[in-house]
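> Read off the chains here:
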Amino acid sequence: MLRLPAFTFHQPETIEEAVALLATDPAHTRVVAGGTDLFPNMKRRHQGAESVVSLRGIDALHGITESKDGSVIIGATTTLDAITRDEQIQQKYPSLVTAVASISSPVLRNAGTIGGNLCLDTRCTYYNQNEEWRRSIDYCMKEQGDICWVAPSSPRCWAVSSGDSVPMLCALGAEITLVSSEGERTLPLAELFRDDGIDYLSKRPDEILTTIRIPSPSGARTGFWKLRRRGSIDFGVLSVAVSGWCNGNTTDRIEIWLGSVGSTPVRCTASIAALIGKPLDDETIAAAAALARKSAGANPLGNTDFVPQWRGKMIEKYVEAVLREVAGLPRQRMVPRHGSEKWPS
Amino acid sequence: MSQQSTTRTLRVNGEPQQVAFAVHHSLLEVLREELGLTGTKHGCELGECGTCTVLIDGKPVLSCLELAAECEGRSIETVEGMMQGNQLHPLQSCFADLGAAQCGYCTPGILLAAQALLAENDSPTRDQIVEALSGNLCRCTGYHKILEAIEWAAARLRGDDQYQPPNSAIYGDPVPGKQAKDV
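Those protein sequence lines, which keep their order, are chains W and L. Here the first sequence stands for residues -15 to 329, numbered as in my numbering. Here the second sequence stands for residues 180 to 362, numbered as in my numbering.
Chain W on its own, in the form it takes in the complex (with noise of 0.2 Å):
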């Protein structure tokens, strides 16, 4: 049997106790929730914790309401596959539902949860392995090593941050809270993420991620398409998250988000910026798909499944497939995908 390390194991019912409990070792503390992260890490031996805070216990931190302005807020361990059965997230962000449908198995998304999505640990070859594969090659950066295998000569981790929430609820405009003992704090949730394979949360340790605020999505056209090499289980290498606003022929807004193309989500500026006040036609959304695969932070690397120039041209051909789907043109090619619905026809 694979098991855990010994820990001590706490069950708070507020989040005020949660908290006081986190501030007294934050170094050496964990938040759990639905588990499916952090629990395979800690039985890799990765990750590892003296004690360990279960967030489940917390009713305040469960479900999902409508405020008054028309925007969704949902709780932290709220598990995934009950914002893929809510009738309100389903009307409201149906390109939600898809990125969220997509993650992992049925299994899993019935103890998995949106804030354990939203802060999964980053991920790579070289470091995602038991711990004799690791102490075999001398452990890398991220633990232990020296050295990052992806890139030898480079000072910093490239380990990817491969949640498919995120460039979905980043392309929504999603806001989170973040509590700890000395109050809290709410920012966008694009600001919740670092560009470094090891630090890659601006969240302390001390601190619980406890709300998403997602706005209203107020005409949104929104889509999302994701790459991986089955169609379950896997951890994606490619997802693209796109919310349009239009009016009449011209975008007014957009947002063009990918993940798992770097340590952090990345946000398409060039292709934005080529969008905006344009129509969304075969030739903008050509041209923003190529600006698209040259994003600052896109920059996939020898670390997940797939070659990386691969992945790379894929970039292109994912965006221009987005954009294409949320601009209402037919599908031009044949692109693997994978969803509720099958192959194209």
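Among the clues, some could well be false.
[Stated by the list, open to error] Residues from chain L shown here face chain W by an in silico Cβ test under 8 Å; the list is partial:
{"hint": "1", "residue": "Glu208"}
{"hint": "2", "residue": "Leu225"}
{"hint": "3", "residue": "Asp301"}
{"hint": "4", "residue": "Ser347"}
Think of the hints as simulated: they come from the structure by calculation, not from any bench. Glycine is no exception: its CB is placed at the ideal position from the N, C-alpha and C atoms.
Take the given structure of chain W and dock chain L to it, following the hints.
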């Protein structure tokens, strides 16, 4: 580090049982080692293979990633609870009749995932079954017989006695490489 132990009441297959275990033990470890319910298998234990699937409050989840300490007050169902007396659950008998289990290691997890699906939807399409089972790996059967057995069991649970699994499911494809026809 010293182990923190705990005593909790777990309701497994409808029966409340008081169990003592170390607090960092997963539900899988407690089911197999403390309660002797070895029907739930341990596979990858990292949440990839699905063989340790159990139902918690009716939802299929992976017992290898669930702490037993968090299962107090929730209803746990394992493969041992599927039979009613001496009567196999229709899923179990259809799996047996169609040879949907070969080595059988993935079977308990698949039976429970299928049971949860059928509780929600009594006549799932083939795609819906594939989707519901997409977290459970089987390395022997190639899945066809599993899908056919679930369709058959669904029909039996709906009371549809007329439903017959396709002959190809029972006898195999008569001409390899050609389209199997029901003869």
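> Give a verdict on every hint.
Structure-based check of each hint:
Given the 8 Å rule on beta carbons, the hint for Glu208 (chain L) holds: about 7 Å separates it from the nearest Cβ of chain W. Look at Leu225 (chain L): its Cβ gets to within about 4 Å of chain W, closer than 8 Å, so that hint holds up. Interface restraint check for Asp301 (chain L): the shortest CB-CB distance to chain W comes to about 18 Å, outside 8 Å, so the restraint is violated. The beta carbon of Ser347 (chain L) is not positioned within 8 Å of any beta carbon in chain W (closest approach about 23 Å), and the interface hint is therefore violated.
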